[in-house]
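Protein chains: 4
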Amino acid sequence: MDKNNFALTPPMGWNSYDYYDTTVNEAQVKANADFMAAHLKEFGWEYVVVDIEWYSNDAGTIRDRFQYIPFGDVEMDAYGRLQPSPARFPSSADGKGFASLAEYVHNLGLKFGIHIMRGIPRKAAHENCPVIGAGETANRIADPSSICIWNPDMYGVRDTKDGQAYYDSLLSMYADWGVDYIKCDDICDSRLYREEPFLGWEETRMLHRAIEKCGRPIVLSLSPGPAHIDRAWEYCKYANMWRITDDFWDDWSLLKAMFARCELWQDHVRAGCFPDCDMLPVGKLGKGFGQEWETRFTKEEQRTMMTLWCMFRSPLMIGAELTLLDEWTLSLLTNRELLSCMGRTCHGMQIMRSEEQVIWKNEDTESGRLCVALFNISDTDAVLSVTLNELTGARGSDDGAGIDENAGRSGAEGAESEKTLYELWTKEESRTVSGKIEAAVPAHGVKVYRVGQ
Amino acid sequence: MDKNNFALTPPMGWNSYDYYDTTVNEAQVKANADFMAAHLKEFGWEYVVVDIEWYSNDAGTIRDRFQYIPFGDVEMDAYGRLQPSPARFPSSADGKGFASLAEYVHNLGLKFGIHIMRGIPRKAAHENCPVIGAGETANRIADPSSICIWNPDMYGVRDTKDGQAYYDSLLSMYADWGVDYIKCDDICDSRLYREEPFLGWEETRMLHRAIEKCGRPIVLSLSPGPAHIDRAWEYCKYANMWRITDDFWDDWSLLKAMFARCELWQDHVRAGCFPDCDMLPVGKLGKGFGQEWETRFTKEEQRTMMTLWCMFRSPLMIGAELTLLDEWTLSLLTNRELLSCMGRTCHGMQIMRSEEQVIWKNEDTESGRLCVALFNISDTDAVLSVTLNELTGARGSDDGAGIDENAGRSGAEGAESEKTLYELWTKEESRTVSGKIEAAVPAHGVKVYRVGQ
Amino acid sequence: MDKNNFALTPPMGWNSYDYYDTTVNEAQVKANADFMAAHLKEFGWEYVVVDIEWYSNDAGTIRDRFQYIPFGDVEMDAYGRLQPSPARFPSSADGKGFASLAEYVHNLGLKFGIHIMRGIPRKAAHENCPVIGAGETANRIADPSSICIWNPDMYGVRDTKDGQAYYDSLLSMYADWGVDYIKCDDICDSRLYREEPFLGWEETRMLHRAIEKCGRPIVLSLSPGPAHIDRAWEYCKYANMWRITDDFWDDWSLLKAMFARCELWQDHVRAGCFPDCDMLPVGKLGKGFGQEWETRFTKEEQRTMMTLWCMFRSPLMIGAELTLLDEWTLSLLTNRELLSCMGRTCHGMQIMRSEEQVIWKNEDTESGRLCVALFNISDTDAVLSVTLNELTGARGSDDGAGIDENAGRSGAEGAESEKTLYELWTKEESRTVSGKIEAAVPAHGVKVYRVGQ
Amino acid sequence: MDKNNFALTPPMGWNSYDYYDTTVNEAQVKANADFMAAHLKEFGWEYVVVDIEWYSNDAGTIRDRFQYIPFGDVEMDAYGRLQPSPARFPSSADGKGFASLAEYVHNLGLKFGIHIMRGIPRKAAHENCPVIGAGETANRIADPSSICIWNPDMYGVRDTKDGQAYYDSLLSMYADWGVDYIKCDDICDSRLYREEPFLGWEETRMLHRAIEKCGRPIVLSLSPGPAHIDRAWEYCKYANMWRITDDFWDDWSLLKAMFARCELWQDHVRAGCFPDCDMLPVGKLGKGFGQEWETRFTKEEQRTMMTLWCMFRSPLMIGAELTLLDEWTLSLLTNRELLSCMGRTCHGMQIMRSEEQVIWKNEDTESGRLCVALFNISDTDAVLSVTLNELTGARGSDDGAGIDENAGRSGAEGAESEKTLYELWTKEESRTVSGKIEAAVPAHGVKVYRVGQ
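Protein chains in written order, with our numbering: chain A, 6 to 458; chain B, 6 to 458; chain C, 6 to 458; chain D, 6 to 458.
Simulated from the structure, these hints should not be mistaken for laboratory data.
Cβ atoms here follow ideal geometry from the backbone N, Cα and C, with glycine treated the same way.
Check before you lean on any hint, since a few could be wrong.
As the list claims (entries may be wrong) - Label pairs and their computed distance ranges (CB to CB):
#1 C:Phe48 x B:Met6: 35 to 43 Å
#2 C:Glu434 x B:Lys46: 49 to 57 Å
#3 A:Asp69 x C:Arg349: 50 to 58 Å
#4 D:Thr66 x B:Tyr427: 53 to 61 Å
#5 D:Ala262 x A:Thr328: 55 to 63 Å
#6 A:Ala445 x D:Asp256: 55 to 63 Å
Please model the entire structure based on the sequences and the hints provided.
Put into structure tokens, the structure is as follows:
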């Protein structure tokens with residue numbers, strides 16, 4: 006089992022959090038899965054992910070005071086393993102867990118994922134639960150000094166034989182259920198403690214080992230970010246995805262900041278290893294947070310987001326309630342030409358970035374197909390350009406930050422053969438002029454071209 | 006009630022931790038109190054302090070694995086307040102708490118102190134205990150994200166009306182017991198969390214308010230250190246003592262490092278406000294840690310420690326088991342002339358500090374008595390000196406770090422009248438020569454002189 | 006010579022920078038001195054300070070490109086000491102320096118101050134100038150790795166015998182000129198280098214020694230800030246004033262931020278030792294910066310600033326061109342009752358601070374006069390209050406940050422005797438009600454009361 | 006010109022610094038080049054690099070006081086470009102620069118490199134030199150606030166058109182001379198300034214552009230380290246090599262620390278892009294520093310160093326005086342089998358690292374040749390092992406940090422076919438046993454095996 010074979014291209018799917026917060030139930034998950042199978046699957050979308058607190062019997066009941074209720078009512082089996090709340094997931098009754106729901110999703114030709122918190126339930130530790138395969142009870146496996154800052158449910162698991170046994174027992178159960186994808190939270194950037202800000206590595210390794218043992222190819226996704234660039238090689242070794250930001254929402258300042266994050270991580274995208282820009286907050290959002298809203302992103306901003314995620318090859322997880330998607334949003338998510346940049350032999354690279362504009366290219370090393378995106382991240386419309394020369398360096402020859410023509414990016418001397426251009430959002434065709442791609446781009450918007458041979 | 010009247014001079018006493026770790030019992034406390042009354046009280050020693058885990062029924066039972074047992078067996082009343090373990094403190098049976106032990110100590114003419122951990126017991130939170138005077142139960146008062154890194158017993162208390170009620174209920178009980186001194190732990194430097202490394206301020210204020218309300222002058226001591234110098238004014242406002250180091254033990258490198266800490270805090274010592282150098286690890290130590298040992302400090306080092314603590318005016322808390330004190334150690338702790346530097350109208354100040362030597366003075370602004378200490382903190386014997394001129398500047402005129410005679414400390418031109426000198430440890434008398442105090446000081450040792458008129 | 010006798014109360018005066026930038030000349034300095042003698046001196050204002058670049062022959066000539074011209078034309082004597090530019094200060098011709106201008110100021114009953122940059126001129130080092138009293142030339146005294154980030158004129162001076170000789174030669178010349186006050190720049194917070202961000206201590210000590218040797222009581226003021234609180238004791242030992250902020254200008258966000266700075270430094274104000282809030286940017290400003298403007302502070306904000314500076318006992322240096330002062334601004338600077346808070350036996354203390362309001366008191370420990378200021382630092386008008394109880398604790402009993410009446414500041418139980426109140430800006434009289442001082446305070450404004458006996 | 010074609014494999018050569026410090030001369034460079042051509046060239050060694058201060062006429066003359074003489078005597082042309090000191094490099098007389106020496110090296114079939122400091126000479130700035138192709142003189146091109154902490158010769162160059170012109174004029178001259186390699190110092194990690202510790206990026210880009218314009222494929226090497234991992238993608242874009250450590254010397258603690266550095270950078274080694282472990286301090290060293298010495302590394306340590314550098318694929322630069330190489334050291338540097346790991350299609354990867362041991366593999370993706378190195382970095386001899394399974398994961402399947410057999414590295418279940426082993430230092434052959442490579446490795450030593458098919 007080589008974890009790099011579990012996800013050869015960036016995973017694409019739907020996640021319940023942005024719309025349902027902590028409250029999603031079985032019927033809602035099924036409805037979204039149905040929609041995906043009917044309308045999105047053919048474009049590559051396949052994961053259906055149940056996010057945080059599916060084990061809580063009281064999640065959302067005092068939402069004005071707590072998103073995560075301290076010392077709340079969680080569903081747990083006799084071995085300290087959290088179970089779906091039966092009131093919310095009726096098919097889980099009698100200890101069946103998510104097996105039935107996973108089967109439903111599989112029957113649609115899709116994959117099933119769940120969210121978990123790093124660790125073992127505090128309840129298990131305070132009640133001295135037995136743990137399958139372990140010599141000691143949960144109070145000796147839990148580390149009382151390892152908590153999550155923002156969620157009160159768990160203690161960290163000690164890096165011992167019995168700690169590994171706990172994770173093995175978890176993954177064995179998940180494999181039995183038919184889980185294909187785990188989003189583990191409070192593990193990528195913990196913020197706990199001054200001297201050693203990240204204490205999740207041991208548990209990342211334990212999870213990785215438990216997956217290898219469980220015999221099922223389960224994609225491992227780590228949250229929240231920002232991930233630590235100095236451990237890039239280690240994320241690559243143990244996980245399939247890792248968040249490069251804290252939670253991403255429909256706020257331009259967060260989207261603008263993502264360009265610096267993609268720049269930082271651009272050399273770490275490859276089969277089985279995907280730095281993750283987080284979910285796409287499009288369409289209808291936030292019902293579980295108190296009040297449903299329509300994404301605050303403009304259409305330009307949504308195209309910018311989709312384009313960046315695809316050029317960079319981030320995983321794509323839709324935040325919207327799918328059954329409420331309008332036509333325009335559906336079209337945003339099903340731009341087949343853009344989505345082809347996610348392919349296995351594709352490679353994205355930043356050409357330049359300033360405070361006003363960013364240019365990326367994405368090349369299919371097999372077919373030679375080349376796309377280039379001109380992002381206008383300033384607050385006013387602008388004409389952006391890039392020369393063909395700049396696109397052809399092995400790693401991009403320059404950043405264009407020069408102060409004038411002579412010092413800056415090289416000209417188009419070698420532009421003997423002009424190229425055709427095809428813009429992926431408008432479907433308009435045009436040609437380069439003097440070896441240059443030039444476009445009027447609205448504020449916060451993007452033009453993305455496939456460059457002809 | 007002005008907290009600055011609770012301790013006009015630095016508190017002096019005995020603390021159970023260095024010898025007993027988490028295991029001290031009633032008979033042992035009484036024996037130490039008896040010894041103090043008989044041999045130390047006349048020199049100013051008065052506090053008898055029961056340190057950490059007096060509420061634990063299983064403390065020390067698996068000491069090879071845990072100093073503080075996770076999810077251990079703690080004694081607690083119906084309102085979430087920890088009680089002395091009755092097996093260890095028999096007089097506490099039937100909910101009497103420390104009242105009887107405090108009375109015993111008071112009858113000896115001494116004062117009684119206890120250690121507490123910041124917060125409310127985790128057990129109280131997980132069991133939803135009622136809290137006296139509060140509208141909600143402990144699970145709503147406890148903050149599940151506020152823990153101690155090294156001790157698993159408590160959750161932090163929320164800064165709310167009900168949180169204050171919990172602390173009020175605690176202090177009311179302590180006042181009823183007759184407690185004179187509280188050493189609160191995990192509150193001065195918490196190390197929890199990257200962005201905001203200290204989260205104990207709110208609880209410091211709540212404790213302060215609860216003390217004001219309880220009607221008893223209870224000295225508030227904060228641990229562990231190092232305290233944060235940028236909050237010096239705030240410690241002064243709410244507490245009587247605060248630790249300026251992490252735990253101090255019988256190790257020369259820690260003692261040497263204390264000179265920089267005293268330098269840092271020298272301007273913040275005044276009535277009711279005492280930066281704290283921590284306990285004196287002298288005599289017999291460590292039985293509760295597994296194996297009793299004799300202090301690893303040499304006699305020179307012990308004199309250096311006592312002299313620095315007194316010149317600076319740190320609180321003095323003896324770590325030794327008192328009943329096992331030898332004659333020499335007893336004499337170390339009862340140097341009446343040195344202890345007079347702790348007086349209310351005394352003021353300590355560093356004259357200079359280098360990697361090799363440190364010079365302090367301590368002046369009684371009322372009587373004019375002037376003491377000067379020459380510390381040799383290098384590893385070889387050396388001759389140290391200071392001029393009378395250097396001792397007389399309002400704030401000391403120079404640090405002596407100059408590179409030669411001309412650039413450095415000024416000479417003794419004005420030494421028309423030589424002074425008599427009296428060394429406080431050897432009791433030897435001598436005189437200044439050319440306005441200079443000069444002494445051969447052994448490595449790690451000190452000479453401390455009272456300067457005649 | 007005890008430097009703490011050089012400035013028993015916070016220095017008050019005028020400084021050329023805020024109006025003239027780098028360009029002030031002799032006639033302008035004299036005009037301001039004349040005005041001070043005629044209108045301000047009787048209120049305690051006495052220092053006339055010539056700020057940065059008085060030695061530059063080309064300062065201001067290419068102001069659009071450089072505030073400080075790299076490798077510019079500086080006036081220097083044969084021993085590497087900068088001299089007033091004769092074109093700008095005609096009386097300095099023939100090597101007379103500032104002697105004549107200082108005499109002019111002295112004859113008005115005022116004191117004369119100058120700005121200097123830490124170090125020795127780069128020009129002196131590159132030209133191997135001889136240095137009075139030193140065995141080696143300037144190229145061996147200058148440290149080529151010690152520069153100022155923002156000003157290109159100097160190299161730092163090595164902490165050697167010859168380095169001290171250079172500073173001695175400087176101070177000897179300044180004493181000959183009759184300088185009473187030196188504002189040394191690039192020495193309080195250097196920002197140079199990652200590992201050791203401050204490298205000015207050695208030069209602070211060298212300056213201090215040179216002042217002691219020069220025989221003239223010259224006030225030493227250190228810039229820029231923010232000063233480092235962990236070295237508070239050391240500033241107290243060597244300097245008379247030190248900046249607790251970076252440059253302060255007429256911007257509300259900077260003024261609001263000053264409250265946190267004053268809180269931080271409140272325990273370090275005493276005779277000879279004054280944390281410095283920087284100049285008062287009132288009246289006409291900025292002509293040398295390109296375009297004269299009227300202070301952007303509202304009247305409320307100016308009263309807030311003056312009140313805070315006085316309650317805290319910061320030095321006061323007027324930034325305005327004095328000859329252009331209007332009546333209102335003159336009255337702002339001559340509130341005799343407020344200025345009396347600067348007195349030698351006065352002591353300021355913060356009672357509470359939140360994001361919306363701040364309360365300070367200032368007490369004359371000799372006369373018993375008590376003032377209390379209620380600052381509204383929010384953006385909307387508000388009613389603020391403080392109880393007499395809160396004003397009488399030795400250090401203030403509470404911060405008032407409690408969440409409700411019970412947990413918060415104590416009530417007015419002891420208000421048997423109500424007090425008279427006199428507001429220092431409006432001159433209105435009133436009385437406390439139920440032991441409480443209560444006032445409607447406009448946004449960004451202040452009410453400051455003298456509390457009757 | 007694609008800079009990634011300038012160095013397809015890690016550069017290998019000799020550098021004058023470790024033996025000659027700042028003092029190497031023409032005859033010495035030639036002697037080392039001769040030796041390389043005769044004895045090392047056939048193994049891939051080809052660069053001959055003249056290190057720091059070749060432009061100094063007084064380097065080394067007061068070595069007890071300064072390594073780099075402040076305001077020293079540097080050789081410079083009329084356009085502010087440093088020239089070889091003619092006394093040390095006679096062939097450079099009459100403005101010929103290094104052309105003759107480069108030709109000599111080229112005629113041996115080798116390549117010629119020089120060290121430069123980032124920036125423009127301070128002397129040029131203070132003398133207002135003209136700059137070829139620039140509108141302004143050196144005093145406007147130099148940034149007086151951009152210096153090197155440890156070397157006093159230069160000012161940084163402003164990122165302007167004229168700044169680029171200066172670098173263009175430099176590179177044009179170097180290309181004329183025939184330079185093949187530039188080691189630019191004070192550019193990779195500057196340590197200057199607190200808020201922005203690295204200010205060399207602009208100059209890195211200017212150098213890169215100047216190289217592209219100069220028409221000669223000049224390898225760009227950046228010093229000193231440690232390079233910043235968060236800018237890895239940017240080093241890859243502009244440079245060929247960048248130091249991942251501060252200066253490396255013959256000290257075990259530095260060598261041990263290199264394992265963590267190689268771990269950190271392992272994913273950033275590829276054609277044209279080589280993280281650099283610094284020079285190999287073997288053989289005779291240090292004559293220019295005052296006293297020649299023999300490397301302090303043991304033979305075991307030297308083999309460990311060579312093996313790590315080769316497995317990781319660091320550039321290799323010999324620090325020894327080549328003409329004094331003994332047989333053993335020569336054999337160390339000419340292990341053809343080990344050096345083959347440096348090949349273009351080779352890839353190194355860390356298998357595991359703990360405080361006691363480190364395991365790396367290096368695989369030729371074309372030929373399939375697999376080498377594995379077992380490093381014992383503890384201070385006692387030990388038996389180390391690795392399973393074939395662990396070597397075959399795409400990215401290595403685990404780190405082996407598990408606490409026991411079950412939790413830890415997987416066993417050798419699939420070892421149906423044992424492999425032959427060939428140890429590269431001892432030339433001994435052996436076989437795996439139960440799919441495991443096991444070896445007794447001395448303290449600080451290494452065993453490195455080629456694994457048979």
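Results for each hint:
1. C:Phe48 x B:Met6: 35 to 43 Å: 41 Å, holds
2. C:Glu434 x B:Lys46: 49 to 57 Å: 56 Å, holds
3. A:Asp69 x C:Arg349: 50 to 58 Å: Distance hint for aspartate 69 of chain A, arginine 349 of chain C holds at roughly 56 Å.
4. D:Thr66 x B:Tyr427: 53 to 61 Å: 56 Å, holds
5. D:Ala262 x A:Thr328: 55 to 63 Å: Because 57 Å falls inside the window, the suggested range holds.
6. A:Ala445 x D:Asp256: 55 to 63 Å: At 60 Å between Cβs, range holds.
Hint compliance for this structure: no hint is broken.
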